[in-house]
Amino acid sequence: MQTLRTSVLVAAAAVTLSGCFGGLGGKTPPFLLTLDPDAAPPAGSARTAAESATLTILIPTAPQKLRTTRIPVQQDDSSVAYVKDAQWVEAPSRLFQRLVSETVAARTSRVVLDEGQYLTAPGEQLAGQLMEFGVDARTNEAVVVFQAMLVAAGGKTVTQRRFEVREPIGAVEAKPVGEALTRAANKVAIDVAGWLGG
Numbered sequence: 001m002q003t004l005r006t007s008v009l010v011a012a013a014a015v016t017l018s019g020c021f022g023g024l025g026g027k028t029p030p031f032l033l034t035l036d037p038d039a040a041p042p043a044g045s046a047r048t049a050a051e052s053a054t055l056t057i058l059i060p061t062a063p064q065k066l067r068t069t070r071i072p073v074q075q076d077d078s079s080v081a082y083v084k085d086a087q088w089v090e091a092p093s094r095l096f097q098r099l100v101s102e103t104v105a106a107r108t109s110r111v112v113l114d115e116g117q118y119l120t121a122p123g124e125q126l127a128g129q130l131m132e133f134g135v136d137a138r139t140n141e142a143v144v145v146f147q148a149m150l151v152a153a154g155g156k157t158v159t160q161r162r163f164e165v166r167e168p169i170g171a172v173e174a175k176p177v178g179e180a181l182t183r184a185a186n187k188v189a190i191d192v193a194g195w196l197g198g
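Heads up: the sequence shown at position 198 corresponds to 198 in our numbering, and the numbers run straight through without jumps.
Keep in mind that the hints were calculated from the coordinates and are not lab data.
Hints are not guaranteed to be accurate.
[Stated by the list, open to error] Listed next, the in silico BS3-like pairs over lysine-lysine satisfying Cα-Cα at most 25 angstroms (straight line):
1. LYS84 x LYS65
2. LYS187 x LYS65
3. LYS175 x LYS65
4. LYS175 x LYS187
5. LYS175 x LYS84
[What the hints assert, rightly or not] What follows is a set of in silico ranges between Cβ atoms, one per label pair, in the way DEER data are often shown:
6. MET149 x ARG67: 18 to 26 angstroms
7. VAL89 x ASP136: 17 to 25 angstroms
8. SER78 x GLU115: 32 to 40 angstroms
9. LYS156 x GLN75: 41 to 49 angstroms
10. GLY155 x PRO30: 44 to 52 angstroms
11. GLY194 x PRO30: 17 to 25 angstroms
12. GLY197 x ALA171: 31 to 39 angstroms
13. SER79 x ALA171: 16 to 24 angstroms
14. PRO63 x VAL89: 19 to 27 angstroms
15. ASP136 x GLU90: 33 to 41 angstroms
16. ARG138 x ARG67: 40 to 48 angstroms
17. THR68 x GLY197: 20 to 28 angstroms
Glycine included, each C-beta is placed from N, C-alpha and C at the ideal position.
Please take these sequences and the hints and turn them into a complete structure.
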């Protein structure tokens, strides 16, 4: 299984990006986190599908606590903090959408499109909400919860399914949390691909 890939910031990049993180009230983190898929389609592979047979995977919606590049820690039913020195390269909903797209493309025969392509041939659409993508401090686990919604071509039927994976973490620190979330996100993506089939 692939491990978490980190984008290390050199000093010049850190200076350049410092303004981007200043609004979050903290220092620029020593590295940024991203998600690597366990499976990806081979380079150079080509697939053809009729318009109705394509699958467009949309960026999921997310609650306010996930509309940031920081990693939330649910401390109790009403309190949320963030992991110190941990930051994604971009919003987790976009990272998750890309991970699911690559996993579905690798594990099924579907022609997978993203939002930038779906206007020409949307076919089926996978939407949904990324409900959890962070740490549950009460159980010391990384948690990914995705409420998926599959809309048939033409919008005639809608099917929903909830996916949830929890992974234990050794410490609430940037690297172990990022690695646990990567494992959990990959397991959810594999489950989604199995559900979609084809």
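Does the Cβ-Cβ separation between LYS156 and GLN75 fall within 41 to 49 angstroms? Given about 43 angstroms between the Cβ atoms, the range holds.
Outcome of range test on Cβ distance (ARG138, ARG67; 40 to 48 angstroms): violated (23 angstroms)
With respect to the beta-carbon atoms only, verify the hint that GLY194 and PRO30 lie 17 to 25 angstroms apart. Given about 37 angstroms between the Cβ atoms, the range is violated.
Hint says 19 to 27 angstroms; check whether the CB-CB distance for PRO63 and VAL89 agrees. Roughly 20 angstroms apart at Cβ, these two residues keep to the hinted range, so it holds.
Between the alpha carbons of LYS187 and LYS65, is the straight-line distance 25 angstroms or under? Cα-Cα ~22 angstroms, so holds.
Could you grab the alpha-carbon distance between LYS84 and LYS65 and see if it respects the 25 angstroms cut-off? Holds, at about 15 angstroms.
Against the range 16 to 24 angstroms, how does the distance between the Cβ atoms of SER79 and ALA171 compare: consistent or not? Holds: the Cβ-Cβ distance is about 19 angstroms, inside 16 to 24 angstroms.
State, for the Cβ atoms of VAL89 and ASP136, whether the hinted interval 17 to 25 angstroms holds or is violated. Once the Cβ atoms are compared, 23 angstroms apart, the range 17 to 25 angstroms for ASP136 and VAL89 holds.
Is 31 to 39 angstroms a correct range for the gap between the Cβ atoms of GLY197 and ALA171? For ALA171 against GLY197, whose Cβ atoms are near 38 angstroms apart, the range 31 to 39 angstroms holds.
Cβ-Cβ distance between ASP136 and GLU90: within 33 to 41 angstroms? Violated - the Cβ-Cβ distance for ASP136 and GLU90, about 23 angstroms, lies outside 33 to 41 angstroms.
Hey, LYS175 versus LYS187, does the alpha-carbon distance stay inside 25 angstroms? Distance of about 19 angstroms is within 25 angstroms: holds.
Mind checking the hinted window 20 to 28 angstroms against the Cβ distance between THR68 and GLY197? violated (34 angstroms)
Hints 11, 15, 16, 17, counting from the list given before, are not met by this structure.
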